[in-house]
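Asks: The residues making up each chain are set out below.
Protein chains: 2
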Amino acid sequence: MEEPLKRIALFLVAVITVAGIVAFTPRAFGHSDEEASPIASPIYGVTIPAGYRDWQLIAVKQLHFAGRGEQLRAQVGNDIAIKAFKEGTRPFPDGAIIAAIHWTREASDDNDKVLDVPFPGTHSFVVGSRVNVQFMVKDSKKYASTGGWGFADFTDKKPGDKALHETCFPCHIPAKDHDYVFTRYAP
Amino acid sequence: MEEPLKRIALFLVAVITVAGIVAFTPRAFGHSDEEASPIASPIYGVTIPAGYRDWQLIAVKQLHFAGRGEQLRAQVGNDIAIKAFKEGTRPFPDGAIIAAIHWTREASDDNDKVLDVPFPGTHSFVVGSRVNVQFMVKDSKKYASTGGWGFADFTDKKPGDKALHETCFPCHIPAKDHDYVFTRYAP
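Chains as they are written, first to last, in my numbering: chain L, 4 to 190; chain C, 4 to 190.
Worth double-checking, as some hints may not be accurate.
As the list makes no split between identical chains, a pair holds if one copy fits it or if it spans any two.
Taking lysine-lysine and the DSS-like style, the derived pairs with C-alpha atoms no more than 25 angstroms apart in a straight line are [unchecked claim]:
hint, residue 1, residue 2
1, K86, K160
2, K165, K116
3, K160, K89
4, K144, K165
5, K116, K179
6, K161, K89
7, K160, K145
8, K86, K179
9, K145, K179
10, K165, K179
Keep in mind that the hints were calculated from the coordinates and are not lab data.
When you get a sec, could you build the whole thing from the sequences and use the hints?
Replies: Pasting the structure below:
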C-alpha cells in the first residue's frame, strides 16, 4: 500500500476505534443535560425537560410493586411547581412540571454493616438503577380534557406507547381534589 | 458496667429521649426559610444552613430501623457538593454540604386504592413527619481531625447532644474511600 494511503487507513482505524470506545462506554453518572430528549410522548406530546434531575425535591416514596419488586421514588418539580406546592396554590399554574423518578431498590450491605453495630437488625436500602421517569406538565388550555395536565412516561429516554399513556389520566382522577396530583410536599 | 456498654446505653437513652420529644411535638410544614437555626451542633459548631430544603437531590434511601419503624430518607446537597458528586471529585472541596432528611414512612391507602386496580397487591409508602436532619460540612482545615467533615444532627431544629455527635465520625470511617460519604449520586 502507498505510504499516504497507509497513513490514512491507520488514521481511520484509530478514529473508528475511539468512536467505538466512546459509543460503548457507559456514560458518566447523572449529567442531566444529556437527558433532554426530543422524542415526545404519544397523545400529549410531552418531551423530557432539560435539567429536570436538578429540580428541587417535592417528596420521596417507596413502592412494593406486586410481581415487579421494590422501588424507591422521588418527585421533583420545576420552580413554578415548587412555588405552588409551598404556597398551596391549586390548581397548579400553567408551566408547572412535576417529574417522578423511579429506581429499583437495592439492599446496602455496606450500610448495614455499619448500622448493625449500634442498631442490630437495622437494614438500609439504596437506589439501584433507573426504572423510568414520568412527567406531568400543566397547560390548562392545551390539556383541557385531561384536567389541564399532559402526561409522559419515559424508559431509557424513550416514551411508552399510546396504550400506556391512555392509562395516565384515568388513574389520576381520584386525586381530583388536589388538582390530580397525588404527591404532597414533604415537610 | 463496662465503659463501652455505658456509652452505648447513654447513647440509646439520648436517642429514645429525642425520639420521644419528636413523636409528641407537632410540626409546621416545610417552610425552608424558617428552618435556618443559629443553634450550633456540639463539637463541630455546625448550624442549619438556610434554604437546604431547596437543594438538589443526591439520592433516596429507605431504612428499616430495628425497633423504631421504617424511615424514608433523601440526601440533598448545596451547589459545591452536587458538582463534586456529578464530576466524581474526591475529596469533596471545602464548602460542600450534604443534608440527609429523614422522615417516618407511612402507608398510603389513597395510593393503594388506585394502584390496586391495575396492579393488585401493590403498596405505596409516603413520607409522614420529619424525624431529623443531618449535615456534613466540608472544611479540610477546621475539621482536619475528622476527615475534613463537620457533623450535625438536628431534631425539630435543636441539635443533638455531645454524646450523639461523638458517634458521627466513627460511623463514617468505613466510607473513607469515598471521602467518608456513604451516599452515591442516584442515576
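Asks: Decide, hint by hint, whether the structure agrees.
Replies: Hints and how they fare:
no.	hint	in the structure
1	K86 to K160	between (27 angstroms within a copy, 23 angstroms between copies)
2	K165 to K116	between (45 angstroms within a copy, 24 angstroms between copies)
3	K160 to K89	between (30 angstroms within a copy, 19 angstroms between copies)
4	K144 to K165	within (21 angstroms within a copy, 57 angstroms between copies)
5	K116 to K179	between (45 angstroms within a copy, 14 angstroms between copies)
6	K161 to K89	between (31 angstroms within a copy, 23 angstroms between copies)
7	K160 to K145	within (23 angstroms within a copy, 44 angstroms between copies)
8	K86 to K179	within (20 angstroms within a copy, 38 angstroms between copies)
9	K145 to K179	within (18 angstroms within a copy, 52 angstroms between copies)
10	K165 to K179	within (23 angstroms within a copy, 48 angstroms between copies)
Of the hints listed earlier, there is not a single one the structure fails to meet.
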